[in-house]
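One-letter residues, chain by chain:
There are 2 protein chains.
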Amino acid sequence: MEKIVFICLILCLSAVTEARPAKDELLVEKQTFTTQEFALFNGEVLPEVKVGWESYGKLNTDKSNVILITHYFTGTSHAAGKYHPDDPAPGYWDAIIGPGKAIDTNKFFVISVDSLANLNVFDENVVTTGPASINPATNKPWGTDFPVVTIRDFVNIQKAVLQSLGIDSLHAVIGPSMGSMQALDWAAAYPEMVERVISVIGSGESDAWTTALLEQWTIPIKLDAKWNNGHYSLNDIPKAGLTAALMLITQQALTPEFFNNQGKQLNYMPLESAPLNSIASSHSIVDWLRQRAAARAENMDPNSLLYLARACQLYVAGHDNSLAKGLKKVTAPSLFLPSSSDLLLMPYLADSPNQQLGQSSKLLTLEGQLGHLEGVLNIQQHAKTITTFLTHPVR
Amino acid sequence: MEKIVFICLILCLSAVTEARPAKDELLVEKQTFTTQEFALFNGEVLPEVKVGWESYGKLNTDKSNVILITHYFTGTSHAAGKYHPDDPAPGYWDAIIGPGKAIDTNKFFVISVDSLANLNVFDENVVTTGPASINPATNKPWGTDFPVVTIRDFVNIQKAVLQSLGIDSLHAVIGPSMGSMQALDWAAAYPEMVERVISVIGSGESDAWTTALLEQWTIPIKLDAKWNNGHYSLNDIPKAGLTAALMLITQQALTPEFFNNQGKQLNYMPLESAPLNSIASSHSIVDWLRQRAAARAENMDPNSLLYLARACQLYVAGHDNSLAKGLKKVTAPSLFLPSSSDLLLMPYLADSPNQQLGQSSKLLTLEGQLGHLEGVLNIQQHAKTITTFLTHPVR
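Residue numbers (the UniProt record's numbering), protein chains in the order written: chain A, 1 to 395; chain B, 1 to 395.
With the rest of the complex left out, here is chain A (with noise of 0.2 Å):
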């Protein structure tokens, strides 16, 4: 659920990105997606929906070519590409898609959207609806009076896109974290238009664990006195309350392994001399995360952050309270990726739904050190993996 662009990371894609050809290099455009009077899954009705999305490669003359990449926590439709020739990176997972790459855009017309409630409202890259759209009721933003929407309504909104386009049938729906539960979702609730599912750092359903988890997420912003019960300026956003979310995010999307490599880069030691002689200060590795997680906070909304965290919470493959019910309903072939280091949506997640799919289902583990951001940061390693996926042939 979790993308960090370290800066390290960031010179690393970078480097790999310049050693491209400038021919290869995707240049993509955010087009928005707007509809009236949508139905969310709990009965209620958004009086108007817009969404971002973007795509890369040609969508063919019988629209049988179409991969979706459904997006994760604090992610946005950016998956590829970038919309200047001088960003600093392209988009998370640029390393898989794009010309020649395992989703080869030469031969897939690749698509992403904003999901609702999108955290990264105030990115000009970003068009989303969520509690901090202007309510047409109020004529101010919607607050905690937006309603609950779940990852079925994230799944619909995409439906709709792929409609207004004419597409009525997915070659492959493919994401990681969050976008993994609309992955298996998308395949439980519409078998007849998915063709083959790959859910990557996911899982089938958030069991208690994992909504508590989530759960603690959204604390530190309720305890934000700017929150207000979600009713700020967006002027003036709880953003303490959102920083330590992120700290809280950032922590369990990574590993010890990186943490101590971290705090060797910053010389860390527990007995640091400022937080020794004062409760107000503290450790490198502490202000370190708080920094990075301050960075992050700056395009994203609070609010935004309670209502995904609860899409998720809500999430069971078919969104009919039996995983087993909704499994049964997926006829696509499936494909999971853990990650065997993933402390946040830990691989016995992924083993579960990959085991009651039976033979339809393989599973095969990510390696490394960035525990959940495996999935998101290097996701190269299973390339080959994934482009024989593709030609899986559907039955």
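Keep in mind the hints are simulated off the structure, nothing from the lab.
Source: prediction; values computed, not measured.
Treat the hints with care, as some may be off.
Stated by the list, open to error - Sample of chain A residues facing chain B (criterion: CB under 10 Å; computed from the structure):
(1) Asn261
(2) Asn303
(3) Asn321
Claimed, not checked - For lysine to any residue, the following SDA-like pairs were computed, each having C-alpha atoms within a straight-line distance of at most 25 Å:
(4) Lys239/A - Ser278/B
(5) Lys329/B - Asp168/B
(6) Lys30/A - Lys82/A
(7) Lys140/B - Thr32/B
(8) Lys329/B - His392/B
(9) Lys325/B - Asn267/A
(10) Lys239/A - Ser284/A
(11) Lys30/A - Glu298/A
(12) Lys50/B - Thr138/B
(13) Lys264/A - Leu343/B
(14) Lys140/A - Asn277/B
(15) Lys325/A - Ser273/B
(16) Lys264/A - Ser352/B
(17) Lys226/B - Pro393/A
(18) Lys226/B - Ala280/A
(19) Lys325/B - Asn277/A
(20) Lys140/A - Pro47/A
(21) Lys329/A - Ser273/B
(22) Lys362/A - Asp104/A
(23) Lys140/A - Leu276/B
(24) Lys239/A - Asn229/B
(25) Lys325/B - Glu257/A
(26) Lys328/B - Leu276/B
(27) Lys140/B - Met269/A
(28) Lys107/A - Pro393/A
(29) Lys384/B - Lys30/B
(30) Lys58/B - Pro99/B
(31) Lys325/B - Ser284/A
(32) Lys58/A - Glu192/A
(33) Lys264/A - Gln356/B
(34) Lys329/A - Ser340/A
(35) Lys226/A - Thr138/A
(36) Lys328/B - Met269/A
(37) Lys239/A - His231/B
(38) Lys325/A - Lys328/B
(39) Lys226/B - Lys325/A
Backbone N, C-alpha and C define an ideal beta-carbon position, used for all residues, glycine too.
Let chain A serve as the given structure and place chain B on it in line with the hints.
Just chain B, lined up with the frame of chain A:
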């Protein structure tokens, strides 16, 4: 760093206690130790320190049969026995401390001391000096004017208590979690006094990962508007922040298996109706976690949690900013008992000092699904290991 008195576990422990003949029941009494002008590790001086202590068994004539038990983060010196025969549960390690038990009070004089800044300030059986104590300079609670304290300071207070009883050697120092930090620091600080060390669910130092994780516990408290930079009235403490901190601590000290078993008892489902229909409602598992945390918060002081977290963050055995240097001072044989399912202080944190200590050290794991809490609630699985280790000849 954790003890959660789950109803089932209370019943379980009570059943064990009731099955034992009444004559075997330890009845214990809290004692108070007071000292003046207590110099802290960071150079500050506390005008007065009062701490509670309790003991089980009898001190022999040459005072050579003393075992010191050092308590965990949310714990107190109440390691075994009951204050009154009708107490609902005995001290936390009653399963291994008592007549004929692993730490046999027919042989040993077992003693335990409340930490400085003990979390359970409002427990009538706890005596501690910390941010909730009165600052003689202002006649108000110290709040965050209280100086930073360290694990070494806890050790030094224990040493002063022992000296007041004429004790100058310890057959063993044994503690879980934060208690393990005190135990190993004892062996590095006063090797001539310590004959054996047992570190349960412990570590040699707080690495960058652990220090960041401990910080996460403190953040909700500091976000609570009632915290007021640590200067709140003890009649109106920031309970929401404290409850949030305890929700996080509770989850980190346990495991998915535990939460999912608890979820079954609650009929937890991802698509529960209340959270589906209102962003202000929460899932059954979240309500359960919040209620448990709020109940635990009753006797606790939020500022004290900040000070205990800081003491743990600053921990490196020997308190010399080099674990290798600290461990070189240790002459006592040592036994490490990490829990294989621990997500809070993961087993690697015990592996490291165990390996550095070489032949004089050994490590065995606690097995089970309670994570960190295996070391508090299921320590009896290594009862024999402990008894055998306590007969280990001193070199």
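Hints, one by one, checked against the model:
no., hint, in the structure
1, Asn261, "9 Å, holds"
2, Asn303, "9 Å, holds"
3, Asn321, "5 Å, holds"
4, Lys239/A - Ser278/B, "24 Å, holds"
5, Lys329/B - Asp168/B, "18 Å, holds"
6, Lys30/A - Lys82/A, "11 Å, holds"
7, Lys140/B - Thr32/B, "22 Å, holds"
8, Lys329/B - His392/B, "19 Å, holds"
9, Lys325/B - Asn267/A, "17 Å, holds"
10, Lys239/A - Ser284/A, "21 Å, holds"
11, Lys30/A - Glu298/A, "20 Å, holds"
12, Lys50/B - Thr138/B, "18 Å, holds"
13, Lys264/A - Leu343/B, "22 Å, holds"
14, Lys140/A - Asn277/B, "22 Å, holds"
15, Lys325/A - Ser273/B, "18 Å, holds"
16, Lys264/A - Ser352/B, "17 Å, holds"
17, Lys226/B - Pro393/A, "61 Å, violated"
18, Lys226/B - Ala280/A, "17 Å, holds"
19, Lys325/B - Asn277/A, "22 Å, holds"
20, Lys140/A - Pro47/A, "14 Å, holds"
21, Lys329/A - Ser273/B, "23 Å, holds"
22, Lys362/A - Asp104/A, "22 Å, holds"
23, Lys140/A - Leu276/B, "24 Å, holds"
24, Lys239/A - Asn229/B, "18 Å, holds"
25, Lys325/B - Glu257/A, "23 Å, holds"
26, Lys328/B - Leu276/B, "57 Å, violated"
27, Lys140/B - Met269/A, "34 Å, violated"
28, Lys107/A - Pro393/A, "16 Å, holds"
29, Lys384/B - Lys30/B, "29 Å, violated"
30, Lys58/B - Pro99/B, "11 Å, holds"
31, Lys325/B - Ser284/A, "22 Å, holds"
32, Lys58/A - Glu192/A, "23 Å, holds"
33, Lys264/A - Gln356/B, "20 Å, holds"
34, Lys329/A - Ser340/A, "28 Å, violated"
35, Lys226/A - Thr138/A, "21 Å, holds"
36, Lys328/B - Met269/A, "18 Å, holds"
37, Lys239/A - His231/B, "23 Å, holds"
38, Lys325/A - Lys328/B, "59 Å, violated"
39, Lys226/B - Lys325/A, "47 Å, violated"
Going through the hint list in order, the structure does not satisfy hints 17, 26, 27, 29, 34, 38 and 39.
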